[in-house]
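Novice: Chain by chain, the residues run as shown.
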Amino acid sequence: MQVRPEKRERGKRRRAKNDQEAKGRERDEEEQTKIKSAKTTKTRKKEKSRKTEEEEGEGESEERNTKRKKKHGSAKKEEKEEDGGKRTVKEKAQDVKKKKHKKVVETSSEQETSEESSEDNEEEDNEEKEVRPESLSPEELEKLKEAVDERKKLIQGLRGKPWPMKKKLVTLRESQEFVEKYEGALGKGKGRKLYAYKVMMTKKWMKFQRDFENFKTACIPWEMKIKEIESHFGSSVASYFIFLRWMYGINMILFGLTFGLVMVPEALMGRPYGSIPRKTVPRAEEASAMDFAVLWDWGGYAQYSVLFYGYYNSQRAIGWLKFRMPLSYFLVGVGTVAYSYMVVIRTMARNANESGVGDDNSFNFSWKMFTSWDYLIGNPETADNKFASITTSFKEAILEEQESRKDDNIHLTRFLRVLANFLVLCCLAGSGYLIYFVVRRSQKFALDGLENHTWWERNEVNMVMSLLGMFCPMLFDVISTLENYHPRVALQWQLGRIFALFLGNLYTFIIALMDEINLKREEEKIIKFNITMWEASLYNSTVSENSTAPPVTIHPADVPRGPCWETMVGQEFVRLIISDTMTTYITLLIGDFLRAVLVRFLNYCWCWDLEAGFPSYSEFDVSGNVLGLIFNQGMIWMGAFYAPCLPALNVLRLHVSMYLQCWAVMCCNVPQERVFKASGSNNFYMAMLLVILFLSTLPAIYTIVTIPPSFDCGPFSGKKRMFDVIHETLESDFPAWFSKVFSYASNPGLVLPFILLMVLAIYYLQSTSKSYKEANVELKKKLQTQNEENKKKNKRAALKAQMDLEEARKAASQAAEQQNNNASLQEEETDGEENHGSNQRLHHSKNGRNPPPAAGEQECHPPATRAPVPRTYHHGNHGAPGYLPGFSRQSEPRMYRVPSLQRH
Amino acid sequence: IPEMVSPAIALAFLPLLLTLIIRYRYYFVLFYRAILVRIWKDCVTGLTREERAYQYILTHATPGDPDSILDAFDVWCSKVEFISNIGPKKGKILDRLLMEQSPLTVLELGTHCGYSTVRIARALPLGARLYSVEMDQRNAAIAEKIIRLAGFDDDMVELIVNPSDEVIPRLRSDYGLERLDFVFMDHWKKSYCPDLQMLEGSGLLGKGSMIVADNVLFPGAPKFLRHIRKSGLYEWKIHRATLEYSKGIRDGMAELVYQGIK
Chain F
1 MQVRPEKRER
11 GKRRRAKNDQ
21 EAKGRERDEE
31 EQTKIKSAKT
41 TKTRKKEKSR
51 KTEEEEGEGE
61 SEERNTKRKK
71 KHGSAKKEEK
81 EEDGGKRTVK
91 EKAQDVKKKK
101 HKKVVETSSE
111 QETSEESSED
121 NEEEDNEEKE
131 VRPESLSPEE
141 LEKLKEAVDE
151 RKKLIQGLRG
161 KPWPMKKKLV
171 TLRESQEFVE
181 KYEGALGKGK
191 GRKLYAYKVM
201 MTKKWMKFQR
211 DFENFKTACI
221 PWEMKIKEIE
231 SHFGSSVASY
241 FIFLRWMYGI
251 NMILFGLTFG
261 LVMVPEALMG
271 RPYGSIPRKT
281 VPRAEEASAM
291 DFAVLWDWGG
301 YAQYSVLFYG
311 YYNSQRAIGW
321 LKFRMPLSYF
331 LVGVGTVAYS
341 YMVVIRTMAR
351 NANESGVGDD
361 NSFNFSWKMF
371 TSWDYLIGNP
381 ETADNKFASI
391 TTSFKEAILE
401 EQESRKDDNI
411 HLTRFLRVLA
421 NFLVLCCLAG
431 SGYLIYFVVR
441 RSQKFALDGL
451 ENHTWWERNE
461 VNMVMSLLGM
471 FCPMLFDVIS
481 TLENYHPRVA
491 LQWQLGRIFA
501 LFLGNLYTFI
511 IALMDEINLK
521 REEEKIIKFN
531 ITMWEASLYN
541 STVSENSTAP
551 PVTIHPADVP
561 RGPCWETMVG
571 QEFVRLIISD
581 TMTTYITLLI
591 GDFLRAVLVR
601 FLNYCWCWDL
611 EAGFPSYSEF
621 DVSGNVLGLI
631 FNQGMIWMGA
641 FYAPCLPALN
651 VLRLHVSMYL
661 QCWAVMCCNV
671 PQERVFKASG
681 SNNFYMAMLL
691 VILFLSTLPA
701 IYTIVTIPPS
711 FDCGPFSGKK
721 RMFDVIHETL
731 ESDFPAWFSK
741 VFSYASNPGL
751 VLPFILLMVL
761 AIYYLQSTSK
771 SYKEANVELK
781 KKLQTQNEEN
791 KKKNKRAALK
801 AQMDLEEARK
811 AASQAAEQQN
821 NNASLQEEET
831 DGEENHGSNQ
841 RLHHSKNGRN
851 PPPAAGEQEC
861 HPPATRAPVP
871 RTYHHGNHGA
881 PGYLPGFSRQ
891 SEPRMYRVPS
901 LQRH
Chain R
1 IPEMVSPAIA
11 LAFLPLLLTL
21 IIRYRYYFVL
31 FYRAILVRIW
41 KDCVTGLTRE
51 ERAYQYILTH
61 ATPGDPDSIL
71 DAFDVWCSKV
81 EFISNIGPKK
91 GKILDRLLME
101 QSPLTVLELG
111 THCGYSTVRI
121 ARALPLGARL
131 YSVEMDQRNA
141 AIAEKIIRLA
151 GFDDDMVELI
161 VNPSDEVIPR
171 LRSDYGLERL
181 DFVFMDHWKK
191 SYCPDLQMLE
201 GSGLLGKGSM
211 IVADNVLFPG
221 APKFLRHIRK
231 SGLYEWKIHR
241 ATLEYSKGIR
251 DGMAELVYQG
261 IK
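Quick mapping for you: the protein sequence lines, in order, are chains F and R.
Here the first sequence is numbered in the UniProt record's numbering, starting from 1 and rising by one per residue.
Here the second sequence is numbered in the UniProt record's numbering, starting from 1 and rising by one per residue.
Rather than coming from a laboratory, the hints here were simulated on the basis of the structure.
Worth double-checking, as some hints may not be accurate.
[What the hints assert, rightly or not] The calculated DSBU-like cross-link candidates involving lysine-lysine, where the alpha carbons are at most 35 Å apart (straight line), are: (1) R:K223 x F:K227; (2) R:K230 x F:K395; (3) F:K368 x R:K92; (4) R:K230 x F:K227; (5) F:K395 x R:K92; (6) R:K207 x F:K166; (7) R:K79 x F:K395; (8) R:K230 x F:K166; (9) F:K166 x R:K237; (10) F:K368 x R:K89; (11) F:K225 x R:K223; (12) F:K168 x R:K230; (13) F:K167 x R:K230; (14) F:K368 x R:K237; (15) R:K230 x F:K225; (16) R:K237 x F:K225; (17) F:K153 x F:K143; (18) R:K223 x F:K395; (19) F:K368 x F:K792; (20) R:K237 x F:K227; (21) R:K247 x R:K92; (22) R:K247 x F:K368.
[Claimed, not checked] Derived, one-sided and incomplete: chain R residues facing chain F with beta-carbon distance under 7 Å: (23) I9; (24) L11; (25) A12; (26) L18; (27) T19.
In this text, a Cβ means the ideal position worked out from N, Cα and C, and glycines have one as well.
From just these sequences and the hints, can you work out the full model?
Specialist: Listed below in structure tokens is the structure:
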């Protein structure tokens, strides 16, 4: 069994041996030799190649070298073997096989070959001993292994070392070479190959993991695009795109729900187009139903399709699946809203966890100093801007600090802020009034009949809303320069103002819609009455003419029908979304692209610098875009119940937006002048989204609960309220006990205590989280005070050390006078000093190939907490022999302890 | 006649209009002061703007005192009419650079009516010489008067009435110059870049020669900036400031130190 350690070292020795050998060694290289050498080195080659895979050409060439060397070695060995034994090819092959299997098969194979193989091994041993008589003992092996481990550790921790890059590179290369050279040669008791295999597998595994990570990143949609934008524009712009992507994901799910559970079943299993009145274009509209203008207005065939509420039939179960269409419609409507709430709140909670720790106010300058750089910036121009903005922020912060002490200009600032808010309020009121005016006018137009008016007048409401939503934020932005806030604060104000504007516009719009709904319901009453009359007359006429004749079939297009207010609401929302999208895109094209083109190409023949000066390129407006997105989503949530196509439209819009805006940002925008990090504002966006979600579900729920559905269109026709569908299902589809249980559960006597319990639970949770927060603050304070105390302690310790030093010097000078008297003592002490020095040297060499000092040796050395300064001091001291020797050893631990104190 | 666009839609553009007016108010003010007022006064008085400025200075400044002449200029430019001089704020930066550098040979491109010439000459050390280049004959006449009024003689300030692209190649032969220590550019923004290249080619710039160019951001000299960025011949920075006699328009003054070809 002595063979094995030998074998383990074989490769290494062989290489060493081959270094001395000349190239012309392969004199009589036969076929057999080649086979043999190939096989013996096969496994190792594999391992090598794995290892060197990650390195570039240099490594490859090295690998080739080692391969050749191995070849030489085996060739030579072969030679010798042939001299001694003269075997056949077959035997050799078997022999090689044996080695590969680590002699596991030895017992099972034929006796002869095993004998021969052992002979072979013996020969090898002899040969190897010849080459390198000083074979490695187990201890040496152990040392080697430790050295390799040391190198590995070094490679891992190299990044954090405070060395110059050159040194790092050199060290890295050396260590990698070393590890590569000796790692393969090492192995534990079970054999080198297993070890090599393990190493290989870990490397493969690591590589696989890395590839998998890359794959995962590649799977995230638009990740690379966003990263690129982030590197050019900083994280605040990127945060918008991340938000957009997040929104896209949510909309995908909403779309999946409505499409899969509402639209597709109705289209596939419901009654086909033209079968009943609600699924047919009325006779009066048939002529123009396919016109583009009509379709663009979502009338005609678009109106009488699965895209809108009115198309759905109130049949309880459709198709061979017995799909409960009305129930599904209702539940999907509720489910989309519930899902949105869940997602938004969950995201908010997660964000709160991330950002809830730091308080920005207490260490203003430290925060600025250490955290203001945005490490994701990769564009020199943006980096310049960021640099400038940090400098200005410092200046501003210093000024602020001074001003807060001086406090003389504050009145002007306050006045300006009040003035700005007043102006903004005026603007809001003006825009509100304008929309109100337009809505009133449009009602007048509607009463007149829309055909008498121009396209401009018909689309006035949407146009005005879009234009105001586009231009007012600009005005707010201009006004907000009066206020002189920090950009982050300014952004929040700006967001708040735009929020108010959009909300006002949206609610004005909804109020107008409500009015229209009421109008339609009046109309519906009349029509309902008319229809009963009409049916009665029809019945009478058929009866009077001929009672035996089959009932007259009336084409569904001719049947009179009510104005379906739900479809009208859905259409309004779809139109709003479309006009909003168009405005966004047109603004993008004109405001950004056209401007950029003009600035770029007119600059050649203009009398001032257009790029750096007056029009310049536009900046990306994060706040406006985010709010646009949020309100767009709000409209989707509001209108999705009445127009199931809305999520699909929104997905389309977001998808196009993603590409268009990515392109526009990269092609026609410049980085913001005041780049700031967006980490703080993410939750602000989320909070806004939550508010909008609430505000947009409010009117939707109101209409669902209070207004009875139309009598002749939609899945809930014929019911008193839309949610009656639940009752109906409970009564007819579930066993009686279930509906009983449900009715008990919905009893106010049970619901109220439950709500009370929930409120209590919320209160409890909130108070606990508050107490946790307080505890956190306390701990922080504690930490701070402790830090201060430590600082004081350190100062004291340092002072003491200094005093000791002084004393020691004095003593030393005194001792110098008495030097002659106690020479023997000095000798003794210098011995100790030397010992100490050697210890340290040993300790130093730990990084090298030498083994680390034994534990006993280390103990006499001060603990590993080391500051570089004291050590050099020590060295300098121990170079001078004449001093009182005890001094250095005494003072040293004390000096060491100084930095270590900080840890406690 | 039916209305093309309803008044409500037109009203919706009001915020845009307001935004544009507020955001670019300084430009509108500048347009008014530099162009409208000038045309108006030209028609009324029959004099050029520079002549009016000279008249004001004659009546309001102390002869022989450059400071008082500069002050009078500043007052006239900020209160009465607008002339694009370097102005007091950027002038201070220029003064500082001159103090630090204390150049012996100075070239000024674009005298206009002598404000910057007086400003530079004031800050120069004893024995230094300033060559000032002006293309326009009438402006040069007024500048000459103002320079003499400030008390600088021919030995100190030499006015060259010629376009800069003709003067620069002949500086060495006609004026016996060996090296320029300081160059101040404030003429046509378009000629910044070719003139700089011409200076480089003439070999008058030595290591450490300083070139200061005004108005590189507004009206702006993009080619010039691109050139200094790319050429690698200079250590440069831009002093950011506002346009002279105006608060809201940002402008910059480029400071270049010639490093030579490394």
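Novice: What are the numbers of the hints the structure violates, in ascending order?
Specialist: none
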